[in-house]
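In my numbering, the protein residues as written are 454 to 756.
Keep in mind the hints are simulated off the structure, nothing from the lab.
Among the hints, a few may not be true.
Pairs of lysine-lysine, DSSO-like flavour, derived with a Cα cap of 27 angstroms [to be verified]:
(1) 588 / 644
(2) 708 / 691
(3) 708 / 644
(4) 748 / 630
Restraint ranges, calculated between C-beta atoms of paired labels, are given here [as the list claims (entries may be wrong)]:
(5) 724 / 482: 42 to 52 angstroms
(6) 483 / 736: 16 to 26 angstroms
(7) 532 / 737: 18 to 28 angstroms
(8) 619 / 750: 14 to 24 angstroms
(9) 534 / 716: 42 to 52 angstroms
Glycine included, each C-beta is placed from N, C-alpha and C at the ideal position.
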Amino acid sequence: MQDFTNQIAFITGGASGAGLGQAQVFGRAGAKIVIADIRAEAVEQALATLRAEGITAHGLVLDIMDRAAYARAADEVEEVFGAPPTLLFNTAGVNSFGPVENTSYDDFDWIIGVNLGGVINGMVTFVPRMIASGKPGHIVTTSSLGGLMGSALAAPYSAAKAAVINLMESYRQGLEKHQIGVSVLCPANIKSNIAEASRLRPAQFGQSGYVENEDSIASLHSIHQHGMDPVELAEHVKRAIEAGQLYVIPYPEAKDGLRAHFDQIVGSVLPLEADPEGARLRTEALQNWAADRAKVFMEKQTG
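All chains, full assembly: derive it from the sequences and hints.
Next up, the structure:
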């Protein structure tokens, strides 16, 4: 996608931070913006900011963990703009930090529910509608550098973000034939209010094993206040869409650490001479399956 004029962009978490930066950048490029956020007051403030620039914008309050609400949001987009989105930004996310051994069920359910479940809900809600429209499109999902390796202080967050990366790689392969591109954004710290995510934690997920108070929020703010500006980050995303990139990682300080991490993984693979015959048989079996037997999974279920 090269021209964003009159594209319809649906952005979760669009009322602040990375989501609002995306709304500004793509709105300035001519897209019609839909911001979805769980905070009603923030939605109104964001709409005022966008409309003051002359950007066409619509806002709605959405809990991305609520599938029925997501379906209603998708219907509302089509009612307002006459079509489903051509640009989908799964940007909303939450974080909470503490020792992995202290993690509670509620910690897992909330953090993974938003960061992975919310993405799944966005994809299952919108991808069929995007395909049915017959229009080229693009999907950008925000993961994290934390999704590329584990973390003893952010285990549920890193696990969810790792799953998001894998999921987007899969959708990238599956949606190419529909002219829908897929990118996954893996940022480090962003200048945003995500440090205050615990304030939005629903009561049903209230049993945390972590420290969540004013001191923990201030600790996280000390990181994010020096993060990348959301508009700058969104400009990187825009260029990545134009270039058709899968990965968007505009943080040069991450390169050496990522290389060392993945070198360790690749270094753990046995050399071919350790089992040449077994490698040949396994490879041929997979190639034959992909060429012939895998097609059964592409058939529609009947009866």
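So if I understand the rule, the pair passes when the alpha-carbon distance is 27 angstroms or less; does residue 748 with residue 630 pass? Given pair residue 748, residue 630 holds - Cα atoms ~15 angstroms apart, limit 27 angstroms.
Hey, residue 708 versus residue 691, does the alpha-carbon distance stay inside 27 angstroms? Given that 27 angstroms is the threshold and the Cα spacing comes to 21 angstroms, the pair holds.
Hint check for residue 736 and residue 483 - Cβ pair distance inside 16 to 26 angstroms: violated, 47 angstroms
Please test the hint of 42 to 52 angstroms on the beta carbon pair from residue 534 and residue 716. holds, 47 angstroms
CB-CB spacing for residue 482 and residue 724 relative to the 42 to 52 angstroms hint: Given about 49 angstroms between the Cβ atoms, the range holds.
Has the hinted range 14 to 24 angstroms been met by the Cβ atoms of residue 619 and residue 750? holds, 18 angstroms
Could you tell me whether the CB distance from residue 532 to residue 737 stays inside 18 to 28 angstroms? Violated, since residue 532 and residue 737 (Cβ atoms, about 53 angstroms apart) do not stay within the stated range.
Quick one, are residue 588 and residue 644 close enough, alpha carbons at most 27 angstroms? violated, 34 angstroms
Hey, residue 708 versus residue 644, does the alpha-carbon distance stay inside 27 angstroms? holds, 21 angstroms
The structure does not agree with the numbered hints 1, 6, 7 stated previously, though it agrees with the rest.
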